[in-house]
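S.K.: Chain by chain, the residues run as shown.
Protein chains: 4
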Amino acid sequence: MKALVYHGPGKKAWEEKPMPTILDDTDAIVHVDSVTICGTDLHILKGDVPEVTDGRILGHEAVGTVTEVGSGVKNLSVGDKVLVSCITACGSCSYCREGRYGQCLGGGGWILGHLIDGTQAEYVRVPFADTSTYAVPPGVSDEQVLMLADILPTGYEVGVLNGTVKPGDVVAVVGAGPIGLSAIMGSRLYSPSHVIAIDLADSRLEAAKQFGADILVNNTREDALRVVQELTGGLGADVAIEAVGTPATFELTTSLVKPGGHVANIGVHGESATLHLETLWIRNVTITTGLVDTFSTPTLLRLVSGDQIDAAKFVTHHFRLDEFEAAYDVFGNAAETGALKVVLSAQA
Amino acid sequence: MKALVYHGPGKKAWEEKPMPTILDDTDAIVHVDSVTICGTDLHILKGDVPEVTDGRILGHEAVGTVTEVGSGVKNLSVGDKVLVSCITACGSCSYCREGRYGQCLGGGGWILGHLIDGTQAEYVRVPFADTSTYAVPPGVSDEQVLMLADILPTGYEVGVLNGTVKPGDVVAVVGAGPIGLSAIMGSRLYSPSHVIAIDLADSRLEAAKQFGADILVNNTREDALRVVQELTGGLGADVAIEAVGTPATFELTTSLVKPGGHVANIGVHGESATLHLETLWIRNVTITTGLVDTFSTPTLLRLVSGDQIDAAKFVTHHFRLDEFEAAYDVFGNAAETGALKVVLSAQA
Amino acid sequence: MKALVYHGPGKKAWEEKPMPTILDDTDAIVHVDSVTICGTDLHILKGDVPEVTDGRILGHEAVGTVTEVGSGVKNLSVGDKVLVSCITACGSCSYCREGRYGQCLGGGGWILGHLIDGTQAEYVRVPFADTSTYAVPPGVSDEQVLMLADILPTGYEVGVLNGTVKPGDVVAVVGAGPIGLSAIMGSRLYSPSHVIAIDLADSRLEAAKQFGADILVNNTREDALRVVQELTGGLGADVAIEAVGTPATFELTTSLVKPGGHVANIGVHGESATLHLETLWIRNVTITTGLVDTFSTPTLLRLVSGDQIDAAKFVTHHFRLDEFEAAYDVFGNAAETGALKVVLSAQA
Amino acid sequence: MKALVYHGPGKKAWEEKPMPTILDDTDAIVHVDSVTICGTDLHILKGDVPEVTDGRILGHEAVGTVTEVGSGVKNLSVGDKVLVSCITACGSCSYCREGRYGQCLGGGGWILGHLIDGTQAEYVRVPFADTSTYAVPPGVSDEQVLMLADILPTGYEVGVLNGTVKPGDVVAVVGAGPIGLSAIMGSRLYSPSHVIAIDLADSRLEAAKQFGADILVNNTREDALRVVQELTGGLGADVAIEAVGTPATFELTTSLVKPGGHVANIGVHGESATLHLETLWIRNVTITTGLVDTFSTPTLLRLVSGDQIDAAKFVTHHFRLDEFEAAYDVFGNAAETGALKVVLSAQA
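Protein chains in written order, with my numbering: chain A, 1 to 348; chain B, 1 to 348; chain C, 1 to 348; chain D, 1 to 348.
Worth flagging that the hints you see were computed from the coordinates, not collected in a lab.
Note that the coordinates shown come from a computational prediction; the quantities given were computed from them, not determined experimentally.
Among these hints, one or two may not hold up.
The list treats identical chains as interchangeable, and a pair is accepted whether it falls inside one copy or across any two copies.
[Unchecked claim] Lysine-lysine pairs mimicking DSBU-like chemistry, simulated, CA-CA at most 30 angstroms apart: (1) K46 to K2; (2) K11 to K74; (3) K12 to K74; (4) K81 to K166; (5) K2 to K17; (6) K17 to K166; (7) K313 to K74; (8) K209 to K17; (9) K46 to K12.
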């Protein structure tokens, strides 16, 4: 089969690889119908994730069709249309038993396209298939469901739920890239009073408006802290969400929250940040971090099925599966192309 | 009357001051029967708290007897024995209505011995007396109740409750000074499996054992991280509590917590700390900060009344009210004197 | 002044009464600008609430203008436009300090138009005015705010929050009178998948659709249990809300909930109901009851100000303040008049 | 092998049955080392549980040694010492993924000794063995661990956690049989102020004292409601736990709780109870029911290992495995024999 293979920093190729096979009886083999590219894949290609080694097939998000199941797979059958989630769950370790699949101790967690071969291929082996895939509901398109492989549960769980967004809240989201947009969209499910999007680029802020932000702050021109304080009588936001992953944006985010409020970090950080405990120690703030667990996937699938989340709104570009080079170019140059999520689909 | 007055960094005096009077109809005047000294008072004397100005009477903890009430005081009468809490609550602002008295927007919060004259005096004016004092239950000594003015609710709310200590948990407490001991004592109310005390001084670790720690780590000699990991199969503590207030101890605390665990900061910090987001972003940790709200005071009073908390265990030294100089000396040299809390009492 | 006075079962009159005066220093006198009638007022008139005695002025909901304040009132001034809530809160008892104002032990709770004279009058004395009234935000009409005196917080707190409605949930509401509609409207703030309205009258079901129900069940013709089970794969609703107050509707509500789900009772019951513990003991259900506390009033005011709740939708009929007889007739014959809430307004 | 077989109401026999075999690849076969009898087994023998049919091997609690595992079992090996829990969990259905194993939709739940052959035998087949058994920690006796098969998690989850017992609470437990004692013991983990045991028999109340109750009420002689109200200033208990399973005790329990308090039903009910909504509707109570899920088993194992729970205290009588007739007699006549839990052990 063909697959997108990582060959060290800066190098990738769409090339021939052996078909995946069942290695453990709880594995399934899935034909990839649709797949997308994550910001994390760009990090890997820069060499930022040394656990990913030469020869690895990339990708941790897919919608596909089961073509083979191990003898220990109970709930999947050949021909089933499934969402392959970015998180693999053994289902029996202490973390999995609490729904914290991202921290799986039994061989799961984020492994696809990271520690084992991933989904940017014609076929993928999915370990612990019963607890790591989800049936695609009838009447929902592949590309809608594909947004639930990673980006939507990440914004929802790590941003909205960790941040405890509530009706009437003021929510500030720093960063209006795809993950920030996901947090904005997810926040709206809880009827906050205001969702403030903060970014450096007007184009991303314009997207934020489409996803539910009602106040836009370009912090190359405006002082985000002042905007938030004016809106809140000087108190600050109920919830402040970091969706970038740099020390500066993290510091900004912690400055925006009111006493007693929540800071939810979604950003993937490569270095330490400064925590201003000299002011924060007395402000009763709660700061959370997190890799997605995907425990919310069934809920989000229901909301997408019921048209309460318009997941397709993320998809800006479509490609054939063999056009990975072009798709990476478009996604990697989002500032110019306006790409949010790109979808690559196998031909029918 | 006599009072302990701050006269700028390093300077204090037990001197004559005018008797306090009712300024607002919700004030009460309280005769101070017993009073203690807080670590924060030492900070003030070093000049670390610039809001405290020359002439201010220090102190924010007392047990006393009501001698006068304003016309708007509903629930207190002259002669009532009361606990004067470190936190003053207006009772009607948005924070007070949520029990977050420490963040009071209506003129309360931590004001005694800070923004207004405090309790280290023969008499003290207590604003919003109905919502800022608590009746002393029968059969409980002054000095037991005095420990509920600040140290016990601080350890309990900001350490134990923010940290969400649960039965079976492993709790690591960094710092075994009075506030760390309070967190250790409070943790035991929730039946954790282990409470690990970490400190630089064997004498404080010995005290930690008396307050409920079952594992003692002197981190001048031992590697706290290794101890915690060995105990927890490499995962880390369920709850890690910072009870010192330095960048180094904060960093240590965040290193001890397991994925999905809680870091509760109690320490008063004068400078920023480094937050290792490059490792923490993926570990689903929750970090909380906080000034005490004292919403738990009624609960703690019940527990002290029922001998379920031995609050008197904190009291290592007793003085007469006019011996403030000596009391500050003993408390300020805790390393040599072994002082935890000192109590100064008016003569009967 | 004129007021609507209760004179025993079945008897009421719009008659002359003395002007209310400040009795306690925390009282305010409020000129009633707009007032409404509650289903509870109809119960009182039937003689169902014996605590209400001959001579009592009815009514516990109003929007008005402060005309006088006691010396202990801190946050209100003459001329302020305020919401007078159905719940009076002393602000300092143990329940008030937890935000449970409905259970106030200090002389508050539901007292207006019940234990003391109420709001269906030209003027009303409001005890504990600082903690029992709310400033009307700019740009919001009286009649919108009036819906927050009772009906909106009741549906929201006792139905939606007690029931823990979450995104993606299936919510079943038994009874589509005003309080059921309030629960339906409040549920939508949390983005449930489906809100099922169950009632005996098609006209009320039609209203339920306007308030956000997407599935309508007339249980004179349809089997509500079967509808809920078909929708949920046989499991039942995540949340089932009782909004009628009869044994039969309570039993129906408890039959609709899934294992692990929540039953929120809002209905005012005059007799016992049968609890089918022989089936429910094993189903892990949570059943809640409650009088409203009105702790959510600030949140709901924000949502109404921001047009996220269309509170005016409840108001079907308008009257002058002296038209109480007619207003009670229309409200009391809702089946024929289609009345949801009636508003009586003082003339400008 | 030998097993205790049910032959219709009133009839049971210790007789020869075929050895169990692996039917599904996730099954394990376990040699029963220790087993106990549950109150539910007595119900079955009375014919109260019609799902249990003639020929069924009884029992749903055991500690044993794995003798065979199916090919799909990942975490168990032959020779492992395990706790066989009363609840079987498929591990992948929607309920199991939320830790609600008691409501398992995938073939688990309470099935042992109910829908499939149980543990009162020399060997037992355990389905979904990875997620339905727990490793016995070193240094803990079989009989201690055996108490975690059902009775301890039931009292803890369905009584203590559902009831939300907190430090300082007043907890009233109606019924001081084994399950009530378990709730009393579990409550003490949270440091309540008082645990009131209410029962008809002085002998059981004496046991309650040993398990942590500090106030004993024999309600053949004393008025439980009056005792609770006197203790609580007329308010009622924070948490009231039903541990009998009759309409009368349920009604009593709901009368004991304070406004805003929790009623946790543990009792197994065979008929409906009267719910006094005419008084409860306004009292903001929360009533929960529940079959145990056993999600707390790992926590309880830690607490037993650390001597924080003295599980062996339940065990009043010991028998050999072939003495089931005698053991049932002793357990079934608890009023005379004082039996709490009886343990039957295979000979070494």
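S.K.: Give a verdict on every hint.
M.R.: Each hint, compared with the structure:
1. K46 to K2: Close inside one copy (22 angstroms), not across copies (66 angstroms); limit 30 angstroms.
2. K11 to K74: Neither: 39 angstroms inside a chain and 38 angstroms across chains, both beyond 30 angstroms.
3. K12 to K74: neither (36 angstroms within a copy, 36 angstroms between copies)
4. K81 to K166: between (35 angstroms within a copy, 27 angstroms between copies)
5. K2 to K17: within (6 angstroms within a copy, 56 angstroms between copies)
6. K17 to K166: neither (48 angstroms within a copy, 45 angstroms between copies)
7. K313 to K74: For K313 and K74, neither the intra-copy (34 angstroms) nor the inter-copy (41 angstroms) Cα distance is at most 30 angstroms.
8. K209 to K17: Answer is neither: 43 angstroms inside a copy and 56 angstroms across each miss the 30 angstroms cutoff.
9. K46 to K12: within (11 angstroms within a copy, 60 angstroms between copies)
The structure does not agree with the numbered hints 2, 3, 6, 7 and 8 stated previously, though it agrees with the rest.
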